[in-house]
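Trainee: So the sequence lines, in the order shown, correspond to chains X and Z. Counting from 1, one number per residue, gives the positions in the first sequence under UniProt numbering. Counting from 1, one number per residue, gives the positions in the second sequence under UniProt numbering.
For the record, the hints were derived by calculation from the structure and aren't laboratory data. Just so it is clear, the structure is predicted and the values come from calculations on it, not from any experiment. Be a bit skeptical, because a hint or two may be false.
Pairs count within a copy or across copies, as identical chains cannot be separated in the list.
As the list claims (entries may be wrong) - With a Cα cut of at most 25 Å, we get these calculated SDA-like pairs of lysine to any residue:
| no. | residue 1 | residue 2 |
| --- | --- | --- |
| 1 | 155 | 135 |
| 2 | 601 | 590 |
| 3 | 155 | 230 |
| 4 | 155 | 313 |
Number of protein chains: 2
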Amino acid sequence: MKIRFLPKGLEYTFETGKSVLKLAAEAGAAIDGNCAGNGTCGKCKVKVISGNDEKISREEKLLLSVGEIRAGYRLACKFRPINDVIVEVPLEEDAVKRKTKLMAMPDSLIIQNGYKKQFVRIEESTIQNQASDLEKIKKNCGLDERGTICSELIKKIPDLLSEKREITVTARQNEIIDIEAGDATTECYGLALDIGTTTVVGHLWNLITGELIGVNAVTNPQGVFGADVISRITYANESKENLENIHQKIIACINGIASEFSETYHVKLEHIYEITFVGNTTMSHLLLGVNPRQLAVAPFAPVFVKSVAGLASELGIRINKNAKYYLMPIIAGHVGSDITAGILSTGIMHGDGIHLMLDVGTNGEIVLTGRGSAITCSTAAGPAFEGASIFKGMRAAEGAIEKIKIEDDVRIQVIGSTVPTGICGSGIIDAVAQLINSGLVDWTGKFIKPEAMIEKNIPESIISRFRKSERGNEFVLAYNSDGEDIVILQKDIREVQLAKAAIYAGIRILMNRMGITDDDLDKIHIAGAFGNYIDIDSALTIGLLPKIDKDKIISEGNSAGIGACMALLFSDKQKEAERTAEAVIHVELASCTEFQDEYVKSMSF
Amino acid sequence: MKIRFLPKGLEYTFETGKSVLKLAAEAGAAIDGNCAGNGTCGKCKVKVISGNDEKISREEKLLLSVGEIRAGYRLACKFRPINDVIVEVPLEEDAVKRKTKLMAMPDSLIIQNGYKKQFVRIEESTIQNQASDLEKIKKNCGLDERGTICSELIKKIPDLLSEKREITVTARQNEIIDIEAGDATTECYGLALDIGTTTVVGHLWNLITGELIGVNAVTNPQGVFGADVISRITYANESKENLENIHQKIIACINGIASEFSETYHVKLEHIYEITFVGNTTMSHLLLGVNPRQLAVAPFAPVFVKSVAGLASELGIRINKNAKYYLMPIIAGHVGSDITAGILSTGIMHGDGIHLMLDVGTNGEIVLTGRGSAITCSTAAGPAFEGASIFKGMRAAEGAIEKIKIEDDVRIQVIGSTVPTGICGSGIIDAVAQLINSGLVDWTGKFIKPEAMIEKNIPESIISRFRKSERGNEFVLAYNSDGEDIVILQKDIREVQLAKAAIYAGIRILMNRMGITDDDLDKIHIAGAFGNYIDIDSALTIGLLPKIDKDKIISEGNSAGIGACMALLFSDKQKEAERTAEAVIHVELASCTEFQDEYVKSMSF
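With the sequences and hints as input, model every part of the structure.
Mentor: As structure tokens, then:
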């Protein structure tokens, strides 16, 4: 039997018995999911175009709307095709595009990374001057005569010099890493990779001119094994094959990014000489193929934390044979090299004053620097801010409500300006903040009684959106005549409360350790996509952030990716990353007696 | 059709049309040869046991004796079998055994090479101490926390620590290069390889205890492409396949030596962590697979001269995956890393006074140190001293006359105390020296007239051995009733004259450069097998060496092999080797106007 995945058109031959999610994993098609195929998250929807002749499961009836089922939607984890089938995978490209735009780096930099590429003519030896070819090459390039070179390149020399004797020599510090015929002096590239759990962002740089050639973001194909790191750790730890499989997924993804760069910008893969990586601790382990099982259970000890470097070819990355990879140092089990990179790019270790850096995802990573020290913690926010665990939550893709204002009526802003199909993280924060500001939700996080709404003179147009359903109290953000209304549930508000409390308690713990209050904070740096799209007022309203002056809060964009680029372009930044990761003290909230107190205190609005 | 090579029993299936020499090359059987299959040297004799039904060639009739032809001998380069055949390859093992014995090194040394192998127990992490596994390993082993490790080893950690948590860690300086379960602290080995054109000698050392575990010498299997370097360069330069083929021959040989060590001494291949190489410039190039064609023509410029290091696995050497190789630096096109190693092991760069080092083979390499400088040259002695180009010459194998005394009669000493079948290098020098001392040959190198012999009262028993044949004047060293007598021809004496003149002229040139006379020389060091077996008196008689006191002349044994061991065992010796190769000034005799003068002057006895 054959399955075809639209819109990419990927085809795969299969035998019956497997779910579409599993087949997608085998075929290399990316389908989002959140619960590793357990049929509980309802996120792995696909539209069956033809071949839909199996019974709809109980889980699907529960998790899909009637409209969706009528339109042919199924859950990829439950639908096991028994003959030829064509499925359409909803596009998440918008999220990707949005991430790409986050990269705010200057177009051209004066870089210092030890790369030199020189075009030289090598004179023939004479009986008076019997210098070896390699000595002449080093001398003409001004390289240390004892500089190293691998045997594979020495082998190329006789043929290269038997013709025109004009060659291009690529050196990294004093090591010769490439020799080519003719003039290829401008062809020297490097890749910086930010391996997110959801999205992998690559930057292609010219290591000689310092130009940013291109940015490319793709969905992390490990997503087929679960949206969150815990699902992936569980999968990876099931067998050696699984570990290898999930490791190869990210390697294939990196090779894909490199190939796409190569085609788009006419850059030969063998002209890419270095690659730097950042990612959370689990992503860092999986990148190297190291079993991350310890990261899922206390005491969350990583297998390694220091930076790891080696030949990119050892990881199966197909760029120049002598290309090196550099994986930035990790800080702790839940504070990965992406945070090290963020610290590097925001410069908060150097700045005067006291700085708080926040990176919100399923985990919220918090870094506090100042008064001669740097401390960090990670707090389990849960997936609320990523749209998961919220009834109508979705990723920041087309159709997601991203901004909400409640005044006389509810005004929404939808990604792609289309009919809303859900609500993403920034929208959820807005919704809760607006419900609080309008008085519909009290400080405990509860919808007030309808009588109280009337008492408070809340407009009828707003009150009418409040209703009770079998799901409990809910508020309609957008009506939908064709399908289900987009609502926010009482339960959703509780989820937001738990998430923001976790993060705020983490911030408090660090501030207590340093002995500071809100007033002492000079800057809050919000890293990642989250920082770019949330409304700062809303974040302050729900109590996610310490109450400080709004203009002391900065959105840092893709600070992890920028940090990876800095390590690629400036050799001394790699050393700074080592020092940073060693200097930052990790506070384990699980061993922190005051955490529960702070958590409960942070719960209310 | 099948061919079987005795005594090893190697079998190979073939199609007709190829010579036995070619089939041996393909099958991996070593057959000596000197002219790369041109049918001119007559050295590639094999005995056909069955299947000999092709016509004997003109070359074979010329080069084989009637007795040999009757006994079934053929030249491997000319015999093209047309059906199943069994051939016996004469054993050269004696030469190999003799070379093995040359190694005079202490059994146990206190070595300094940066290797540490430690058995440690790694405590489990706790919520209070979340240190990564790798950090704990480094700490327990006292290694720098930033010390490097490859991803493949990090991958092994989770499984190794999931069981007994007791591991053995191997470190080279601060780099972790191996992690194993249990206690393997004594298993840490290194190989030193001396790659001779004829013989490859390997030494296996324990890098922790400093014990010499074993020595193994085998015939260089590249010999099937010719005995001398020029034949091998010619072969290698014919095509890319040939170059790869001859390169793979030496790699297979090295793997064979390692495997044999592994079996004999119960040493696992993955416990061999380092390998050092020395060899002449051609052997060094072929080891790395670098085309050596430039070494065959003026100006003899090598492709590389500095030391080359890398992963042994890159060369296809199957020892530990992280094992490094180190190829010692070369001095010039005809002064290889074997000479660098010899200088290292004889210590002539450090000693007081003036030292002359001599390594005699097809080329004679000469090094002169003292008065703050070090100079070297290589002189084309030709193969006379190796038994080739001499009518009855042969290698130092069973049946070779190795010592000769001419008094009342001729007394000979034969390797293996058997019937003599030829004469090896030391025997040839003895023969010529004894002919001069007895007055049979005059200072010009000519046999004196029979009348003059009688005048000089030379005993009749000696005079009777002098005779004329179709080959010219000759002197019988040993009569042979079953086959041909072992004789020394007038032409042979001429060959010795040319060879010793080349070497002596080279010595003179260096001495002139330094401005010294024979009296200034404090020591002469004779390297290699040649030095161990030649009679110093005979060498002085024929004028191969400057006339100095006999006890100032030292035989250094396998000084190249010893130098390779030193580089393996003492890290600072690698640095000394670099400095040595840079400090020694190469004098190219081809560009030396006074060489011809010296050469002609050195010709007479």
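Trainee: Broken hints, numbered, in rising order?
Mentor: No hint contradicted; all consistent.
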